[in-house]
Every structure is written in C-alpha cells, then in structure tokens.
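Chemist: Sequence:
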Amino acid sequence: MGMAEVFRKQKRLKIFDIKNIDMKTERIGITFSSFDLLHAGHIKMLEEAKTVCDYLIVGLQIDPSHDRPTKNKPTQTIVERYIQLKAVDAVDEIIPYYTEEDLLDILKSFVIDVRIIGDDYLDRDFTGKKYCEEKGIEIFYNKRDHRFSSSDLRKRIYEAELAKLAKLEAAEPEQ
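Numbering (numbering that gives the first Met the number 0), first residue to last: 0 to 174.
Among the hints, erroneous ones may be present.
Said to hold, decoys possible - As a list, the in silico DSSO-like pairs of lysine-lysine whose alpha-carbon atoms are at most 30 Å apart:
hint, residue 1, residue 2
1, K43, K70
2, K166, K142
3, K163, K85
4, K129, K166
5, K154, K142
6, K107, K128
7, K129, K43
8, K72, K128
9, K134, K43
10, K70, K154
11, K70, K163
12, K43, K85
13, K142, K49
14, K129, K154
15, K49, K128
16, K163, K129
17, K128, K85
18, K107, K154
19, K129, K72
20, K163, K142
21, K142, K70
22, K142, K72
23, K163, K49
24, K166, K107
25, K142, K43
26, K43, K166
27, K166, K128
28, K70, K129
29, K166, K49
The hints are simulated quantities; they were obtained by calculation from the structure and are not laboratory data. What you are looking at is a predicted structure, and each value in this text was computed from that prediction instead of being measured.
Work out the full structure: start from the sequences and follow the hints.
Modeler: Structure follows, in structure tokens:
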C-alpha cells in the first residue's frame, strides 16, 4: 500500500472518527513531533498524553529540519513513522505536517481542548502557545521522568556500530 493510499484511508477514518466524538463531553488533545526512531520515551509520552484527553490527535512532522536547521533530519521515512504510530494504542488520529506554520494551521482547524507538549517547554515560547492561550486551549506539559530519548538512542546505535567496525578491522589479517 502506497503512502497516498494510507493517507486516503486515514482521511476516511478521520472523518468517521471525528463524527463519533461528542464534542460536549469528550476532550480532544493534540501533540506534535517527528517521532523519529520511535522508542519507549515516545510511547510513555503518548500514553501520558492520552490520560488528559479522550481522543488523541498526533501531528507527525515530516522533516523538522526544513524550517528549523538545528533539528535533526529524520532517519526513518514518513511511511515508517506513520505505520509505527498507527500501532500505538493511545493514538486515535495522525495528521502529517511539514512546517511550523502547518502546525499552527492544524491547531486552528480542529476543535482542540488540550495541547500536549514536553515540560522542557514550560518556560519557553513555542509554536501555537499564544494561540492556545488566546483561545482558552489548555496546555498540558508532559513530564519526562525516564531516561529514554532519541539522542541517547542515536548515541547507543553509533557507539555499537563503531565497536562493530573496530572489531571487524581488528579481525582483518594484515597484508
């Protein structure tokens, strides 16, 4: 199944799911990330996010380095990350987006009760913060009470590959 077909199918599901939500009694939450190299920390974050809402929308950023050069370009394709997120029980809907401007458009296009973001943004500005405050959208700050991170995972993979390379080089006979 191609990505276009996945998005078409998701769009049909999204329309169906949104129609089944009672906007008066169910809380709709949203969180955003690239979810590259999905790991235990992402899962814990999504599970915590789901505790503050009945319906969790995940904005999946295609490439955060596009408009924020200090961010890492994703290692995994958008298709890989999309498929992984669909398998997470806490996730009800996935909306791929490209830029921070798109993120703001998504916030403005849905009836959102709570925006979920990491507690490392507690005293910082972030895309959509002002909009959420103006519209009375609650901002919930995920707590990171674990050691799981994308940076640590990348570092461990890098070190394991270096060790494997060193072992291979040591095993090569000298000529």
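Chemist: Which hint numbers does the structure go against, in order from smallest to largest?
Modeler: Violated hints (numbers, rising): 2, 3, 4, 14, 16, 18, 20, 23, 24, 26, 27 and 29; every other hint is consistent with the structure.
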